[in-house]
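Chains A and B are the protein sequences, given in the same order. For the first sequence, the numbering used here begins at 2 and goes up steadily by one. For the second sequence, the numbering used here begins at -18 and goes up steadily by one.
These aren't lab readings, by the way, just hints derived from the structure by calculation. Any given hint could be a false lead.
[What the hints assert, rightly or not] One-sided and incomplete, this derived list gives chain A residues near chain B with beta-carbon spacing under 7 Å:
| no. | residue |
| --- | --- |
| 1 | ARG169 |
| 2 | HIS214 |
| 3 | LEU215 |
| 4 | PRO218 |
| 5 | LEU219 |
| 6 | VAL245 |
| 7 | TYR248 |
| 8 | PHE284 |
Here a beta-carbon is modelled for each residue, glycine too, at the ideal position from N, C-alpha and C.
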Amino acid sequence: MMWKIPEGGHSPLVFIKIPMFLCCGHLDFKHLTSTMDLMPLQASQPFDPSKYRYTGPNVQPRQLPNTRSQAPITTGTSVIGLQFDGGVMIAADKLGSYGSLARYQNIGRLMRVNDHVILGCTGDYADFQFLRDIIDQKMIDEECLDDGIVTRAPALHCWLTRVLYNRRSRFDPLWTTFVVGGLDDDGKPFLGFVDKLGTAYTAPQIVSGMGGHLATPLLREKMEGQPPLSEEAARELLIRCMTVCYYRDCRAFSKFQIATLKAGSIKIEDDLEVKGDWEVAHFSKEHA
Amino acid sequence: MSAATALAPQPSTTGFSFDNCQRNAALESSGMAVPKAVKTGTTICGIVFKDGVILGADTRATDGSTVASLNCQKIHYLAPNMYCCGAGTAADTEQTTKLISSNLELHSLNTGRQAPLSTALKMLAQMLFKYQGHISAALVLGGVDRLGPHIYSVHPHGSVDRLPYVTMGSGSLAAMAVFESRYRPNMELEEGKKLVRDAIAAGIFNDLGSGTNVDLCVITKDGAQMLRPYDVANVKGARQERYRFKRGTTAVLKTRLRKFDVQEEEVVSMDTSEASGSA
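Isolated chain A (complex conformation) (with noise of 0.2 Å):
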């Protein structure tokens, strides 16, 4: 054993340097011997540095690109949206899971993105901070530009899938999926998709996630071959759908939020909260 007073002799503070083998659990010598032995076994041998690569364990070939981003760590379930007459309205639950742990009961998952766009996003949740940074400053240069253009949902939603697809295409996506609503140049509703792959479309109706498979159908029963939903039906078909997804997604929540874009005006209601009725409970009794 070795002692190894630091210079100075003032630190308390002793290092003991033990022989690697005695606090190691396995005994593998190999790579001791390439990292500790500092000069050539055989002096004469000229200097070769692929003898003194480091060959032990934790070792990674670097072959392949970086891909930090394979699974999504705290994400968020479903967004939805859906178009009405003169505007569209998204809506989307205030939890973050972390797992199946409801870790965030208060994270807001809608954003405002300037006067004619709003957006929502399902998956990573981390991914959608890092977009909604870099889209606020977007929005703050595009403001000190100040030459009356604005970017409004067409334009956002081109953009949005540009960056996926090229994220997807490095094999480093960013597990998210948004849902991208406002008015087009013409002032129609526009109601967009796009997710971590780079897919991307538009439609009248628009769910991400679980409740694409729940709150699909009920929207397009009450809205395809109908006219434009006014505003409380189309509330009130949001709201019945949150419901429907509370029940059946396991990764839902009771609280939720609700974004309405009309010309000229965002309005986010934030205290919403899903009524449940639990009647059901009292049939599914032991069978006989």
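Since the structure of chain A is already known, use the hints to place chain B on it.
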């Protein structure tokens, strides 16, 4: 009557029997083409209403991404007061319900009374559990017995749930969304039929594995009424015109009429052997 002989060995009544798995593996290794399971990719559902139960199903059977059958029947008869909808592998649901239906008939003949729904439920659940989920049959069992109307759902591994409304199959989420938003207890018959029809329609139009028509089965204490089809939701478009070429499209250059004298010859064989006739 029940003596087990070497000619007709009885299946073992205790334990799990996977004998056929060995036979299947041997057949497959000797080059036999394994028949592909035809899945149903379905929407099935059932509700309890005021006077009984209503079962609903779509009618599409899929084989991978091909529609194998446009109008197959997914509501199977079990007993005069019980019907069972089946989702999953078509052969499994068909044979399982047929087997349990036969056993129920024998049971009610043995006991001299109508079997309650829980008997069918136990038989189905125990059989599916015995095969550990390898029989891919997800069932909605519904009927009315002396204890009232019941709806049960049975999963392929053998678990059961008793609920006022259930859906199964690939379109179950779409149908369940409709139920969750519109079901209420003690509905009238017409309202119940419309709700079940709308739930199956949600599955048909929003799920790729379900399609074509809606079948309903209404069971009350007076009996069962099978409505097949209740709603023809997808009608194949009718051809707008006749697409055959009209006579004269190809120009006729020459016409020659030839008459043939046809002489018909009929050969009648007579039995002239000595064996015929009385001795």
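Chain B contact restraint for PHE284/A - C-beta distance below 7 Å: With Cβ-Cβ at 4 Å, under 7 Å, it holds.
Chain B contact restraint for LEU219/A - C-beta distance below 7 Å: Holds. Min distance 5 Å.
Hint check, ARG169/A versus chain B [nearest Cβ-Cβ separation less than 7 Å]: 25 Å, violated
Supplied contact hint for LEU215/A, tested at 7 Å Cβ to chain B: 4 Å, holds
Hinted contact PRO218/A with chain B - closest CB pair below 7 Å: Nearest chain B Cβ about 4 Å off; hint holds.
Status of the hint placing TYR248/A at chain B (closest C-beta pair under 7 Å): 5 Å, holds
Given hint HIS214/A near chain B, where the shortest CB pair must fall under 7 Å: With Cβ-Cβ at 4 Å, under 7 Å, it holds.
Chain B contact restraint on VAL245/A - CB to CB distance below 7 Å: Interface hint status for VAL245/A: holds (5 Å vs cutoff 7 Å).
Consistency with the previously given hints fails for number 1 only.
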